[in-house]
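Asks: Protein chains in written order, with this note's numbering: chain A, 585 to 928; chain B, 1228 to 1467.
Note that these hints are calculated values from the structure, not bench results.
Check each hint, because a few of them may be wrong.
Label-pair distances were calculated between CB atoms; the ranges are [as the list claims (entries may be wrong)]:
hint, chain 1, residue 1, chain 2, residue 2, range
1, A, Leu866, B, Ser1232, 52 to 60 Å
2, B, Thr1288, A, Ile823, 24 to 32 Å
3, B, Asn1242, A, Lys594, 33 to 41 Å
Cβ atoms here follow ideal geometry from the backbone N, Cα and C, with glycine treated the same way.
Read off the chains here:
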Amino acid sequence: MKIAWKEMKKNKSRFIILGSIVFLVSLLTFIISGLANGLSQDNAALIKDMPNGEFYMDEDADETYNLSKINEDTEDKVLDDYTDAAALSIQMGFVDDADDKQQSVAFVTSTDSDMFENVKDGEIVLDSSLKEKGIEVGDTLTNNQFSDDFTVKGFVDEKKFSHSPVAYINKENYQEMYRTMEMQLLFIPGQDQAQNIDGLQAFSNKDFLDTIPSYSAEQLSLNMIVWFLVVISGMLFGIFFYMMNVQKVGLYGILKAIGVKTSYLFKMMWSQMLLVTIIALLFSVSLSQGFSYVAPEGMPFHLTMGTTGQLTIVFVVIGFIGATLSGIQIKKIQALQAIQQGEV
Amino acid sequence: MTLFSMEDLKKTFINGEVEEQVLNGINLSLEKGEITALVGASGSGKSTLLTIAAGLQSATTGNIIFEGQNMSNMGQEEIRKIRATEFGFVFQSSHLVPFLTVEEQLMLMLDVSGTKMKKREQKKEVMKTLQLVHMEHRKDAYPASLSGGEKQRIAISRAIIHRPKILFADEPTASLDSERSKEVMQLIEELTKTLHITTLMVTHEDEMLAYADRTVTMKDGFIVEGNEKDSSSRELASAY
């Protein structure tokens, strides 16, 4: 489509303005999407990183894992029936370091499983974000609900729950701290369909995430912003191409009069839309990926290439729809009107 | 030999409850290689007749026969194909594509007309056509840098590069001064004869009739007079 390129070269400013707007809107979308993913990781990386499967909690717990208590007999039976299954509990709490400085953590304990850290009595494995708080391997940490001390055995990367770093502890230590023998949850990996287990309610990984307080509200708001921006960019495409097409009614009319096909004019518009979008997206993708390296330490920013790729495709599709809708007027243009309008 | 004919052509415009009969049963034949000038007062229907003949709008009733085919029964796509391959257009304004050079304008027309030529052959053909209108030295110019007369010459070269059978010209000299008008009309006459193109032209300038083989006068949607060019007008043409 040489003619499309020639027009872009001759009317650079017009297309640079359109490209700049697409670039800014898509950059903002990528950044907000990165923040949404970052917050999601910060809120529930522990759950999100688990394999696909089903969580089970007490059906009387009102879909609140904190209120769930799984009967020990049921737990034993499930663990016997499903060898990969694990029972786990999560409790928000804190640990004090040697300087009596309190660090908020999410205590996690489980039965023996490859999916969780294997922690011995008196040991604790922490999320690596606590390294930045000055905690090191071998440090001693305390908790006022635990009679003994915890010794830091090691760190794990990106294990967060409810915006707090995860602290893996031994099952017996957990039982002493929270004065309960019952675990809160059961997890059976690799289940396509939930099992019917008496007294338990099943949740897929995604459904379980939604039971975490604030998780769905937070994600819903951010995702809504992302999709609003996507729709806005589609509308911007539509409006811009509509305005450009209005200015070119005369030109299109003359081209139609000399025998140019309407489909040729559409192809011309689509080529311009594609080129503008791809160049704008190349800039915004590079900049948003670069942003993840320069984002402030405390900012939960996590933008994967998968998410970027998906949003890029959505932008191209929405741009195409916007441009095509605005291009319907090309179909309606009468060659005669254009001739009567005078010079193009 | 008749190349193109219009039979009992009628056109009615409906504006609200008012019906306006613009063409009242026009019968007109165009002979191969002839220049036919349509003249008449404003509102006589001459431009409407030209645009209907060129397939740019449809008639209410009547037939348009081109090379034995009835265009009135054709679909939009068939008419577009005829416009692209068999017709050429020159309008009051040059209507050149502002972002294409002279050479590219003409190459676009070759593409549109479906001429199967390689790029190099297309460029040769463009040069040949530009030489016919004496504009080969401006092949790399954009329309904005051309004068009114030059633009109209390029518009004419675009109209004939694909060697159409009929050239439709709607007041081609209306936007030019008398000197440029004369040049453009001489060019149309020369090309019509050299390339054996049949021309239907609308004009309101009496001086331009000197270049026509035949003058058809219209009034209130009727043809009131249709003359072959006589010897006196030929003399006028040579004197002009």
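Asks: Under the constraints set out in the numbered hints, which ones does this structure not fulfil?
Replies: 2
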